[in-house]
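As they're listed, the protein sequences go chains P and R. Here the first sequence stands for residues 1 to 289, numbered as in this note's numbering. Here the second sequence stands for residues 1 to 83, numbered as in this note's numbering.
Just so you know, not all the hints are guaranteed correct.
Here are the computed distance ranges between Cβ atoms for each label pair [as the list claims (entries may be wrong)]:
hint: 1; chain 1: R; residue 1: Leu50; chain 2: P; residue 2: Ile19; range: 39 to 49 angstroms
hint: 2; chain 1: P; residue 1: Gln239; chain 2: R; residue 2: Leu72; range: 39 to 49 angstroms
hint: 3; chain 1: P; residue 1: Tyr13; chain 2: R; residue 2: Gln8; range: 49 to 59 angstroms
hint: 4; chain 1: R; residue 1: Ile57; chain 2: P; residue 2: Phe178; range: 49 to 59 angstroms
hint: 5; chain 1: R; residue 1: Leu68; chain 2: P; residue 2: Met165; range: 24 to 34 angstroms
hint: 6; chain 1: R; residue 1: Leu68; chain 2: P; residue 2: Arg110; range: 31 to 41 angstroms
hint: 7; chain 1: R; residue 1: Ile76; chain 2: P; residue 2: Trp107; range: 23 to 33 angstroms
hint: 8; chain 1: R; residue 1: Asp77; chain 2: P; residue 2: Ile19; range: 13 to 23 angstroms
hint: 9; chain 1: P; residue 1: Gln138; chain 2: R; residue 2: Asp77; range: 44 to 54 angstroms
hint: 10; chain 1: R; residue 1: Ala18; chain 2: P; residue 2: Gln239; range: 44 to 54 angstroms
hint: 11; chain 1: R; residue 1: His44; chain 2: P; residue 2: Ile276; range: 39 to 49 angstroms
hint: 12; chain 1: P; residue 1: Leu196; chain 2: R; residue 2: Gly11; range: 24 to 34 angstroms
hint: 13; chain 1: P; residue 1: Met165; chain 2: R; residue 2: Asp77; range: 28 to 38 angstroms
Worth flagging that the hints you see were computed from the coordinates, not collected in a lab. Just so you know, these numbers come straight off a predicted model, no measurement behind them. Just so it is clear, CB atoms sit at the ideal spot from N, CA and C, and this is done for glycine as well.
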Amino acid sequence: MSTLKIFRDLFRYNSEFAIGLILLLVVLTVSVCSFFSPYPPMDVYVVPPDVPPSWEHPLGTTSRGQDVFWQLTFAIRNTLLFGIVVAILSRIISLFVGLISGYKGGWVDRVLMSINDTFVVIPLFPILVLFYFIMRDQMSWALLAVITALLGWAYDARLIRSIAMSLRTREFTRQAVFSGMSTGKIVLQEHLPFVLPIVFSTTMNNINWSIGIEVTLSVLGFTDINTPTIGGMIYWANQHTALVSGIWWWVGFPVVLVIMLFIGLFLLAISMNEYIDPRSRLSRLGGQA
Amino acid sequence: MRNALGPQVTGLALQLGAIFNGAIITEYVFGYPGVGSLLISAVHAGDYSLVLGITTISIVAVSATVLLIDLLYPLIDPRVEAH
Chain P
1 MSTLKIFRDL
11 FRYNSEFAIG
21 LILLLVVLTV
31 SVCSFFSPYP
41 PMDVYVVPPD
51 VPPSWEHPLG
61 TTSRGQDVFW
71 QLTFAIRNTL
81 LFGIVVAILS
91 RIISLFVGLI
101 SGYKGGWVDR
111 VLMSINDTFV
121 VIPLFPILVL
131 FYFIMRDQMS
141 WALLAVITAL
151 LGWAYDARLI
161 RSIAMSLRTR
171 EFTRQAVFSG
181 MSTGKIVLQE
191 HLPFVLPIVF
201 STTMNNINWS
211 IGIEVTLSVL
221 GFTDINTPTI
231 GGMIYWANQH
241 TALVSGIWWW
251 VGFPVVLVIM
261 LFIGLFLLAI
271 SMNEYIDPRS
281 RLSRLGGQA
Chain R
1 MRNALGPQVT
11 GLALQLGAIF
21 NGAIITEYVF
31 GYPGVGSLLI
41 SAVHAGDYSL
51 VLGITTISIV
61 AVSATVLLID
71 LLYPLIDPRV
81 EAH
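Use the sequences and the hints to build the structure in full.
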């Protein structure tokens with residue numbers, strides 16, 4: 001079945017997938033709008049401040065004289081990009097650790113898994129705050145992405161390891177070993193395809209998680225506040241006490257947009273699970289589970 | 001009840017770090033005088049040793065609690081024995 005057909009089927013029969021995809025498309029459209037913005041993202045007092053939503057400024061303007069809609073397009077683009085970069089980097093680490101430790105077993109497994117478990121239990125937030133504290137002005141967007149990725153791979157590495165362990169006992173692995181395939185080749189060519197569907201689903205969850213981290217950190221002002229992000233917008237709104245002075249559209253719309261992104265990705269991850277699990281696929285087609 | 005308790009306790013042990021993260025945010029937002037608001041005010045005040053201390057203490061505390069939960073596990077499920 002071609003990929004396009006899978007997508008069409010999922011869209012038709014799986015309402016979670018349909019809703020998730022629509023929400024994600026809305027968010028993507030907003031972020032693509034940033035390329036057509038009439039104002040540079042960091043310019044202030046380009047429009048009259050504190051204007052409520054109107055035809056001229058669809059989502060109102062901020063106390064810093066920025067149009068909320070165009071500001072939001074830059075913010076969601078950066079936030080989304082951050083999530084995707086973190087997800088890709090941490091996927092590479094978790095795939096490497098999970099596949100190697102699942103396939104190798106023995107002391108390699110034990111060493112890798114003790115590191116893994118450490119990363120699962122430690123509280124990440126104080127560590128990120130400490131990193132910000134040391135870096136201060138050098139704390140860029142890319143550096144934060146790398147640090148978050150280095151802290152966020154552990155859960156999924158365990159998941160991948162559990163699959164790799166069962167794959168190791170399958171006959172085709174034995175066949176590959178006896179045919180003289182090297183470890184790297186077995187892991188990459190034989191095991192990786194089995195793990196990929198799960199990796200896709202965890203990618204969505206990881207994007208959500210990392211966006212959550214980024215928003216939290218920047219709301220507290222612990223990131224590079226000169227890059228417009230969703231959390232950064234809320235940070236500036238808090239700095240200008242937007243909610244107290246009744247400028248709800250400054251806080252409200254970023255929150256709504258990021259919640260849409262969260263729900264969209266979450267629903268996509270759920271529907272991906274439905275696709276991976278053959279039993280739920282059967283029940284969709286009207287068979288017995 | 002006893003059989004259902006096992007995975008829940010494991011889940012609690014794994015979630016402790018996340019709970020701590022959540023506590024920091026909650027304390028900051030609602031102005032509760034705990035470790036979280038202390039951490040954030042320390043960052044704003046530029047107090048490096050306090051930030052490092054809180055980070056270290058939080059990691060040690062969470063790891064110690066996870067170890068404790070693991071050691072208490074035989075109380076719930078007698079099939080698990082500490083070796």
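Hint-by-hint comparison with the structure:
1. Distance hint check: the CB atoms of Leu50/R and Ile19/P are about 46 angstroms apart, consistent with the given range 39 to 49 angstroms.
2. Under the hint 39 to 49 angstroms, the C-beta atoms of Gln239/P and Leu72/R, about 45 angstroms apart, fit the expected range.
3. Checked against the hint of 49 to 59 angstroms, the C-beta distance between Tyr13/P and Gln8/R comes to roughly 34 angstroms, which is inconsistent with it.
4. Checked against the hint of 49 to 59 angstroms, the C-beta distance between Ile57/R and Phe178/P comes to roughly 53 angstroms, which is consistent with it.
5. Our hint of 24 to 34 angstroms for Leu68/R and Met165/P holds, since their Cβ atoms are close to 28 angstroms apart.
6. Taking the beta carbon of each, Leu68/R and Arg110/P are about 22 angstroms apart, not inside 31 to 41 angstroms as hinted.
7. Separation of Ile76/R from Trp107/P is about 30 angstroms and conforms to the stated range, judged on CB atoms against 23 to 33 angstroms.
8. Taking the beta carbon of each, Asp77/R and Ile19/P are about 41 angstroms apart, not inside 13 to 23 angstroms as hinted.
9. The beta-carbon spacing between Gln138/P and Asp77/R, approximately 49 angstroms, falls within the hinted interval of 44 to 54 angstroms.
10. Ala18/R and Gln239/P have their C-beta atoms about 28 angstroms apart, which leaves the hinted 44 to 54 angstroms range violated.
11. Remark: the range hint 39 to 49 angstroms for His44/R to Ile276/P is upheld by a beta-carbon distance near 46 angstroms.
12. Between Leu196/P and Gly11/R the beta carbons are some 27 angstroms apart, a value that agrees with the proposed interval 24 to 34 angstroms.
13. The hinted window of 28 to 38 angstroms between Met165/P and Asp77/R is violated, with their beta carbons roughly 23 angstroms apart.
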